[in-house]
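Could you slot chain B onto chain A? The hints should help.
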Amino acid sequence: MYDGVYSEKVMDHFTNPRNVGEIEGADGVGTVGNAKCGDIMRIYLDIDHETQVIRDCKFKTFGCGAAVATSSMATEMVKGKTIQEALKVTNKAVMEALDGLPQVKVHCSLLAEEAVHAALWDYAEKNGITIEGLRRPKKDVHDEEE
Amino acid sequence: MAPDTIYLDNASTTPLRGEVLDAMLPYLTGEYGNPASIHPMGRTPRDAVAHARESVASLIGADPSEIYFTSGGSESDNWALKSAVLGPHPRGRHVIVSSIEHHAILNTCSHLKSMGVEVTYLPVDRDGLVDPAVVEASIRPDTAVVSVMAANNEIGTIQPIREIGGIARDHGVLFHTDAVQAYGQVDLDVTRDNIDLLSASAHKLGGPKGVGFLYVRKGVHLDPLIHGGEQERGIRGGTTNVPGVVGFGRAAELAGAGMAADSEHERTLRDHLVSRILSEIPYTRLNGHPSSRLPGNANISFAFVEGEALLMSMAMNGICVSTGSACASGSLDPSHVLLAIGLDHATAHGSLRFTVSPRNTLGEIDRTVDVLKEVVGRLRAMSPLYEDHIKNGEETRG
Numbered sequence: 008m009y010d011g012v013y014s015e016k017v018m019d020h021f022t023n024p025r026n027v028g029e030i031e032g033a034d035g036v037g038t039v040g041n042a043k044c045g046d047i048m049r050i051y052l053d054i055d056h057e058t059q060v061i062r063d064c065k066f067k068t069f070g071c072g073a074a075v076a077t078s079s080m081a082t083e084m085v086k087g088k089t090i091q092e093a094l095k096v097t098n099k100a101v102m103e104a105l106d107g108l109p110q111v112k113v114h115c116s117l118l119a120e121e122a123v124h125a126a127l128w129d130y131a132e133k134n135g136i137t138i139e140g141l142r143r144p145k146k147d148v149h150d151e152e153e
Numbered sequence: 027m028a029p030d031t032i033y034l035d036n037a038s039t040t041p042l043r044g045e046v047l048d049a050m051l052p053y054l055t056g057e058y059g060n061p062a063s064i065h066p067m068g069r070t071p072r073d074a075v076a077h078a079r080e081s082v083a084s085l086i087g088a089d090p091s092e093i094y095f096t097s098g099g100s101e102s103d104n105w106a107l108k109s110a111v112l113g114p115h116p117r118g119r120h121v122i123v124s125s126i127e128h129h130a131i132l133n134t135c136s137h138l139k140s141m142g143v144e145v146t147y148l149p150v151d152r153d154g155l156v157d158p159a160v161v162e163a164s165i166r167p168d169t170a171v172v173s174v175m176a177a178n179n180e181i182g183t184i185q186p187i188r189e190i191g192g193i194a195r196d197h198g199v200l201f202h203t204d205a206v207q208a209y210g211q212v213d214l215d216v217t218r219d220n221i222d223l224l225s226a227s228a229h230k231l232g233g234p235k236g237v238g239f240l241y242v243r244k245g246v247h248l249d250p251l252i253h254g255g256e257q258e259r260g261i262r263g264g265t266t267n268v269p270g271v272v273g274f275g276r277a278a279e280l281a282g283a284g285m286a287a288d289s290e291h292e293r294t295l296r297d298h299l300v301s302r303i304l305s306e307i308p309y310t311r312l313n314g315h316p317s318s319r320l321p322g323n324a325n326i327s328f329a330f331v332e333g334e335a336l337l338m339s340m341a342m343n344g345i346c347v348s349t350g351s352a353c354a355s356g357s358l359d360p361s362h363v364l365l366a367i368g369l370d371h372a373t374a375h376g377s378l379r380f381t382v383s384p385r386n387t388l389g390e391i392d393r394t395v396d397v398l399k400e401v402v403g404r405l406r407a408m409s410p411l412y413e414d415h416i417k418n419g420e421e422t423r424g
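Protein sequence lines, in the order shown, are assigned to chains A and B. Residues in the first sequence are numbered from 8 upward in steps of one, following the working numbering. Residues in the second sequence are numbered from 27 upward in steps of one, following the working numbering.
Isolated chain A, as found in the complex (with noise of 0.2 Å):
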């Protein structure tokens, strides 16, 4: 059904997932999405304090096959990163990343950055502190679809 339907990026990283997993002891962590819709994301945030450098970043994933793709390659492009950099990385260039997703399947990619949004407000929960340029994730990214 799906056959030619997903590009090769997105085959393959429904079919080798990086970054699968959980953190222990997380520096954040966001869930988006709802069963409703057919769609959960939970990113999991290792940041290093001093250098506000996402030293891990981990996922898991409750979805369809585009979830799971943008999920993983959402998590290669903050790893690394700064948090001001990965604040930059859009649903956008997730989805260019992955050499385009289906029309239907756009709001995987959105879910995708709420989801690395929602990590990265815990962490400054929980630290007390704000990051330039970041706002509260909404609860439920279809919201506004619905």
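There is no bait here: all hints are sound.
Quick list of in silico lysine-lysine cross-link-like pairs, DSS-like style, CA-CA up to 30 Å: (1) A:K99 <-> A:K86; (2) A:K145 <-> A:K16; (3) A:K86 <-> B:K417; (4) A:K99 <-> A:K43; (5) B:K139 <-> A:K43; (6) A:K43 <-> B:K399; (7) A:K133 <-> B:K417; (8) A:K16 <-> B:K399; (9) A:K43 <-> B:K417; (10) A:K16 <-> A:K99; (11) A:K133 <-> A:K43; (12) A:K86 <-> A:K16; (13) A:K145 <-> A:K99; (14) B:K417 <-> A:K145.
Because the hints were derived from the structure by calculation, they are not lab data. It should be emphasised that the depicted structure is a prediction, and the values quoted were computed from it without experimental measurement.
Then chain B, alone, in the frame of chain A:
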């Protein structure tokens, strides 16, 4: 198709049977005549169509004159409902359908609603059954037609159509049944089952795509959907699809002759598949009625994982199945059938449909379960829902 493909999506479509292709070939080659032609080239195709009409009719105890060939199940469903409610003398402008009908019925109803027709959607129980008492209670003086499918395409539940048809008849209301999944799979009899209108399609039983029929009980008025020439006794225009009709006839003959043995084989494979999955993969459930269901259908929910991801993972292992997940349909809502039987969204999103045919083997079923165990395990390992379940214990399940 790769040689090692395991095809378990026979409710979507079936491979054309060799005997059916053999029967069709002459009408794709030398016998190209139009059955409406008076010259000699029309003769053999005309006889072949008449023979096919007898074959498809006899499978449901109908008279050949009550069969109208169409382009398939969707056209037949459209035709039955539109004729019943928009024809010259409808009983009224109210239609009753089950909430788990195929979209060919549900979207026809949406269209009729836009024209001022009222529609009642019958609920189903947890097994997907329509309660005949609710059908009776829903009938109004202006009800034109009741339409309840003979068997559901997703969960395989077989409806009590004989009772429902009897109730409709007692009230002078037409009864239509979408038998696209049931025709050739289970025993149907238009007289015994009180059916006025019945839709069927060839490609679900080893016939070609693009051909179906609408059965219309003698005496029931049928208004044309496709206006045109004198084909199908003047009420369904369009040059007869001779190879398709001939193939449908042959497929019906084969399905009728093999029904008992085929059902037995399918049931054996299906029961083996279901029992292995339910016993070897935790947090799974069978959707649909446990016994009143199509012999080849299994619909199973796998908690904590999503159907499209499951389907893709199975496909990468050469196994073709289908899913009720929204993600496979392009909408955000999962299957209306799975929601109607009371599944929550997450469970409905994580459902797969396996539909076996008489050509499948026990070895294929075992391989399918072996792959499933690995795939479900892999997807659960990356599921935040499963993680929460493990950390928080049983109470968060679902």
